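Residue-level listing of the chains:
Number of protein chains: 2
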Amino acid sequence: MMKLRDRIIAGERAAIAKAITLVESSREEDIIQSHELISELIKSPGHAIRVGFSGPPGVGKSTFIESFGSYIVNKNFKLGVLAIDPSSNFTGGSILGDKTRMSEISKNENTFIRSTPSRGSLGGIAVGTREAAIILDAAGYDYIFIETVGVGQSEITAANLVDIFTLIVGPGSGDELQGIKKGITEYADIFIVNKNDGDLASQASKTASDYKSALSFYNKDSDALETQVVLVSSIENKGMDEVLDSYNKIVNVNKANNQFDKRRENQLAYWLEEEVRNKILLKLRSEKETSELLEREVRRIIVGETGFYAASKVIIDRFLSKK
Amino acid sequence: MMKLRDRIIAGERAAIAKAITLVESSREEDIIQSHELISELIKSPGHAIRVGFSGPPGVGKSTFIESFGSYIVNKNFKLGVLAIDPSSNFTGGSILGDKTRMSEISKNENTFIRSTPSRGSLGGIAVGTREAAIILDAAGYDYIFIETVGVGQSEITAANLVDIFTLIVGPGSGDELQGIKKGITEYADIFIVNKNDGDLASQASKTASDYKSALSFYNKDSDALETQVVLVSSIENKGMDEVLDSYNKIVNVNKANNQFDKRRENQLAYWLEEEVRNKILLKLRSEKETSELLEREVRRIIVGETGFYAASKVIIDRFLSKK
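Chains as they are written, first to last, in the numbering used here: chain H, 1 to 323; chain C, 1 to 323.
These aren't lab readings, by the way, just hints derived from the structure by calculation. Here the structure is a predicted model, which means the values were calculated and not measured. Do not take every clue at face value.
For chains that are exact copies, the list does not tell them apart, and a pair is met inside one copy or across any two.
With a straight-line Cα cutoff of 25 Å, these simulated DSS-like cross-link-like pairs (lysine-lysine) come out [stated by the list, open to error]: (1) LYS283 x LYS43; (2) LYS288 x LYS262; (3) LYS313 x LYS43; (4) LYS288 x LYS313; (5) LYS279 x LYS313.
Excised from the complex, chain H in its bound form:
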């Protein structure tokens, strides 16, 4: 196991891949090994900046990540890309599963790309994404991109994993602006307005101005950096310098005013709570005694011996050993 640690710290790709498979595993022996490995790696932190990406479907999120990823890699940075993929049981599909789209940057030896399916049953958390970021950090990667597919819980998960949270948007109407404002300012450090090209260029430019003025209402905290707005064209590779400049600015300002460390501390608390929640739910699900009690209570409800809420109380009290 410690040999694996050394190989990761040496940046060996096969070791990184093996370690990520390990942290994604739900086999009990793998979990034990995974905890050992992560506990060791966390003692050898690197300097990676974690950047999250989210945005509504159709705004060209993957195209932007490919374009900006290539830009980053061409500047000789090492880049890891992790996707949290809440693929539906029914209609699911992974963005990174579609390898062709990430083809350009995936060929580079300084990139490591991984798509992790989230486990819907545990509330949309991608098992192992946090740990995969720790592995890539220890392996000396400069940037770790964390991409979320879809909406809701996976966005919150991603926001709680990163130093910079990026929202990618398209040239859009005022209506979309209204929708997007609610809640977003809490998480997004930067808005990237994509599709600043061809027929859409003037609309993209107007959208960026609209976001700037809308966001100015929310940027009241004088200490914190205002939310950045950058106009890009992923297909024409325009605006990539500005994005990197904004990222550097966000990191520098947040480090200077202690927000950078503070955020990582808050995220640690978030993940510790998640770990506790998931372990408790796992225990609830796997305990034979609980499932037998559940079955018995269901039978009792059906024959009218108890009610739904009384039955749930019996099970909870038993599980919490308070009865």
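Fit chain C to the known structure of chain H by using the hints.
For chain C alone, coordinates are given in the frame of chain H:
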């Protein structure tokens, strides 16, 4: 409270609306009242058939529900429509929030339409949707449509609430067919191929044939009804008779071979487990002692006195009172 019960059983709309608001509430006193009310209503079951709808974006799900809903209402059935809406914190939007789309059927006095936001924090479960269906059933509604917005957990939630689970699809390629097959046969009783109109008609027809032959591989269980495939045009109101016929067939066959009751029993077990999970998570989150311990452990991790997994074990053991 019991007056509210009587008014619901009499089918009074204002009482139904009030009761649904009550079951969606997270206020402690409302929860107590809600449990009382539901425990009473469940003793006066009606005859409602619960039908779930899901499908990828862009297939015309809302248009179909409006078209088929009108058809149902025009046949003098009472129709309730509940939407589970996992609206994103960032980009969310409710299908039924857009009232204009449901305008035709929402005006009818025999329909009751309600959109319930899901609470992402508890794993995408729409708090109160199960209870809202119990209310509408007790109020004498004939059909309760449960629509899921988006993918993943909310589809599983909906599938566990209904007697018939409908997947709406568009005229599509073989690729989509591949994607959709995985997992779906476990849940869907019927595939509705929409957009059998205009230029898309021949493609829709071909898609329906493709689904039929693809599904024939999965329909191996001789006792169970094969998955139905129906071709419709929502904008031309074509195929609505066939949909209702298929629904009747599904209900009749499943009642005859005992699958109808068996499914409701399994769903009861699912919801009882959900109730237990949610209550335990709520307790974990609201206990002052736990949150203080969490904070303390985070500080200890930061200064290197403990590790992430050791800290989580301490909190779990304390919560389960086993230490």
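Comparing the hints with the structure gives:
In this assembly of identical chains, LYS283 and LYS43 lie within 25 Å of each other by CA distance neither inside one copy nor across copies; the values are 29 Å within and 33 Å between. For the homomeric pair LYS288 and LYS262, the shortest alpha-carbon distance between copies (22 Å) is at most 25 Å, but the shortest distance inside one copy (41 Å) is not. Taking the shortest alpha-carbon separations for LYS313 and LYS43, only the inter-copy value of 20 Å comes in at or below 25 Å, while the best intra-copy value is 43 Å. Taking the shortest Cα distances, LYS288 and LYS313 sit within 25 Å of each other both inside one copy (18 Å) and across copies (21 Å).
For the identical chains of this complex, LYS279 and LYS313 are neighbours both inside a copy (20 Å) and across copies (9 Å), given an alpha-carbon limit of 25 Å.
Of the hints listed earlier, the one the structure fails to meet is number 1.
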